[in-house]
Amino acid sequence: MDQDDILIIGIGNIFRGDDAAGLVAAGRLREMQLPGVKVLEIDGDISSLAEGWQGAHRVVVIDAMASRSQAGRIFRFEAHGEPLPRKLFASCCTCHAFGLAEQIEIARSLKQLPSSLIVYGLEGKDFMLGAGLSPEVQEALPRLVEQIRRDLGLS
Amino acid sequence: MSARTIKVDYLARVEGEGALHIKIKGGRVAGVQLQIWEPPRFFEAFLRGRYFTEAPDITARICGICPVAYQMSAVQAMEEALKVKVEGPLRALRRLLYCGEWIESHALHLFMLHAPDFLGYDDSLQMAQDHPDLVKMGLQLKKVGNEVVALLGGREIHPINVRVGGFYRVPSQKELAPLAERLKWARDAARQTVAWVAGFPFPDYEADYEFVALRHPEEYPLNEGRLVSNRGLDIQVRDYERHFQEEHVPYTHALHSTLKTRGHGRGPYLVGPLARYNLNFDRLSPLAREAAQQTGLGPECRNPFKSIIIRAVEILYAVDEALRLIEAYEMPAEPAVPAAPRAGVGYGCTEAPRGILYHRYHLDERGLIQEAKIVPPTSQNQMSMESDLRQFVTGHLDLPQEQLTWQCEQMIRNYDPCISCATHFLNLHLDRE
Numbered sequence: 001m002d003q004d005d006i007l008i009i010g011i012g013n014i015f016r017g018d019d020a021a022g023l024v025a026a027g028r029l030r031e032m033q034l035p036g037v038k039v040l041e042i043d044g045d046i047s048s049l050a051e052g053w054q055g056a057h058r059v060v061v062i063d064a065m066a067s068r069s070q071a072g073r074i075f076r077f078e079a080h081g082e083p084l085p086r087k088l089f090a091s092c093c094t095c096h097a098f099g100l101a102e103q104i105e106i107a108r109s110l111k112q113l114p115s116s117l118i119v120y121g122l123e124g125k126d127f128m129l130g131a132g133l134s135p136e137v138q139e140a141l142p143r144l145v146e147q148i149r150r151d152l153g154l155s
Numbered sequence: 001m002s003a004r005t006i007k008v009d010y011l012a013r014v015e016g017e018g019a020l021h022i023k024i025k026g027g028r029v030a031g032v033q034l035q036i037w038e039p040p041r042f043f044e045a046f047l048r049g050r051y052f053t054e055a056p057d058i059t060a061r062i063c064g065i066c067p068v069a070y071q072m073s074a075v076q077a078m079e080e081a082l083k084v085k086v087e088g089p090l091r092a093l094r095r096l097l098y099c100g101e102w103i104e105s106h107a108l109h110l111f112m113l114h115a116p117d118f119l120g121y122d123d124s125l126q127m128a129q130d131h132p133d134l135v136k137m138g139l140q141l142k143k144v145g146n147e148v149v150a151l152l153g154g155r156e157i158h159p160i161n162v163r164v165g166g167f168y169r170v171p172s173q174k175e176l177a178p179l180a181e182r183l184k185w186a187r188d189a190a191r192q193t194v195a196w197v198a199g200f201p202f203p204d205y206e207a208d209y210e211f212v213a214l215r216h217p218e219e220y221p222l223n224e225g226r227l228v229s230n231r232g233l234d235i236q237v238r239d240y241e242r243h244f245q246e247e248h249v250p251y252t253h254a255l256h257s258t259l260k261t262r263g264h265g266r267g268p269y270l271v272g273p274l275a276r277y278n279l280n281f282d283r284l285s286p287l288a289r290e291a292a293q294q295t296g297l298g299p300e301c302r303n304p305f306k307s308i309i310i311r312a313v314e315i316l317y318a319v320d321e322a323l324r325l326i327e328a329y330e331m332p333a334e335p336a337v338p339a340a341p342r343a344g345v346g347y348g349c350t351e352a353p354r355g356i357l358y359h360r361y362h363l364d365e366r367g368l369i370q371e372a373k374i375v376p377p378t379s380q381n382q383m384s385m386e387s388d389l390r391q392f393v394t395g396h397l398d399l400p401q402e403q404l405t406w407q408c409e410q411m412i413r414n415y416d417p418c419i420s421c422a423t424h425f426l427n428l429h430l431d432r433e
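Chains as they are written, first to last, in my numbering: chain A, 1 to 155; chain Y, 1 to 433.
No lab work stands behind these hints: they were computed from the structure. Virtual Cβ for every residue (Gly too), placed ideally from N, Cα, C. Among the clues, some could well be false.
[Claimed, not checked] To be clear about the criterion: a stretch of chain Y counts as covered by chain A if any three or more of its residues have a C-beta under 8 angstroms from a C-beta of chain A, and this derived list gives those stretches:
id, stretch
1, 132-141
2, 144-157
[As the list claims (entries may be wrong)] Which residues of chain A face chain Y? A few of them, derived with a C-beta cut under 8 angstroms, are:
id, residue
3, S47
4, S67
5, E102
6, S109
7, L110
8, D126
Please take these sequences and the hints and turn them into a complete structure.
What follows is the structure in structure tokens.
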């Protein structure tokens, strides 16, 4: 990808209720066909996250969170500067307990972080298998998408 | 009288959730309980009434690390029930797909979950700070395995291209060529890995296991063979349930498997890399065998801590075998042989990265599943894990609590337990009284 491009990565599992939030948000940003924006959706093994952003300088990652705060709340972290709070990004649903926070820290140790890595978390409510998005998350999604657009200077 | 408890409230670097309690009383190990408390998932029950074609995709969902193993055992069983033979390039492609899974699964366990134990790190994150090049190599190896699975299976996790009779789509020779280049890099990396892990410090421990693995006349076992053991078991897969039995144990959600032993009732047995290696050393490719021998490992190994070396040897074997299969590959005219429904019973057993995975299905004349049985490797190893811990702790009671606890966790990780398969785990408690 072009150095100046912005890469948006959505992470989630469409079969686990609000866990799909990151994928849905990334999908909406893809549909907007924003200039200079590439979108990658990861619905499984996130161990290849660093591979995905190789060559990109500006990266935005969107994932669902289960931090017991209010459903629909939006969090923003500048992960290039400091580690994500591990507790907020539960690794319970991933293989061998490698969550997003761990993946980012491994990439940091391996000097594979992009110069700008912004992580957006959207607090979920229901992560049950087979559940759809909760009303709180559905309501928050347009706000999240708009905030990301503004953040990237694209709105 | 001194009492001691070994307790680890959350055992990391295993797949799933559960607990381990070890009680030491009066200088003796009074009890070892491996408690798997993830809820049962009832796959066998909800397979009933489904069409035979659905089994590979439904059972693949049992595990995100070894979905190919579930697909391979499922299609093998279905094809036996339907009297379908999958041979030639289609069989070779399945073996290639399985090699991909071995590479990614073993690389994940070896580099990210198990190596930190030997080097004194809490996790791979810490290890990555001091050994970035090794962690990069491990992640790359895993990626090569994922690429094999993605190319043949359609995607890297829960592949969707396997079907009863063959595949939905088969690759051309040209599509496989870039994979071969990546595998050549992986072959060198795997050789380095064998040499690296062989230099780890290994606790002094050996056990008198009954090893159980598949054995094939020509190949190192992956997707075909007879079930054999080092104590004389030599049976067809269809006779599995005459020799092996699953039973409920009150403290765990996963069923315990036992093997009928001559004159001694029922006992534990060991499946997985250590068992495969001990029973099939002569079936390794020359390259993998030489790499093992160069580390000083002979055809026999009874130290479970050294299973990390054997996993490295199996990565090398899987890479070498994948390259051989790609070189010999000729694209078949059809991606699958026809499979028509009929009433019957089929049995399948293949070598998942963690050991033998057994499936049995009863089909009615419409091809609907009437009964399904699935025995994953981790539940087969549960009793061996407990007996290993009992024996290991007995011989190392003089170790300080922290070190003993560490080595007990390490012992469990020797098995690379996949608790989502067995049904899931792990907290560790070592009680001294």
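Structure-based check of each hint:
no.: 1; hint: 132-141; verdict: holds (count 4)
no.: 2; hint: 144-157; verdict: holds (count 4)
no.: 3; hint: S47; verdict: holds (7 angstroms)
no.: 4; hint: S67; verdict: violated (18 angstroms)
no.: 5; hint: E102; verdict: holds (6 angstroms)
no.: 6; hint: S109; verdict: holds (4 angstroms)
no.: 7; hint: L110; verdict: holds (5 angstroms)
no.: 8; hint: D126; verdict: violated (18 angstroms)
Violated hints for the displayed structure, listed by number in ascending order: 4, 8.
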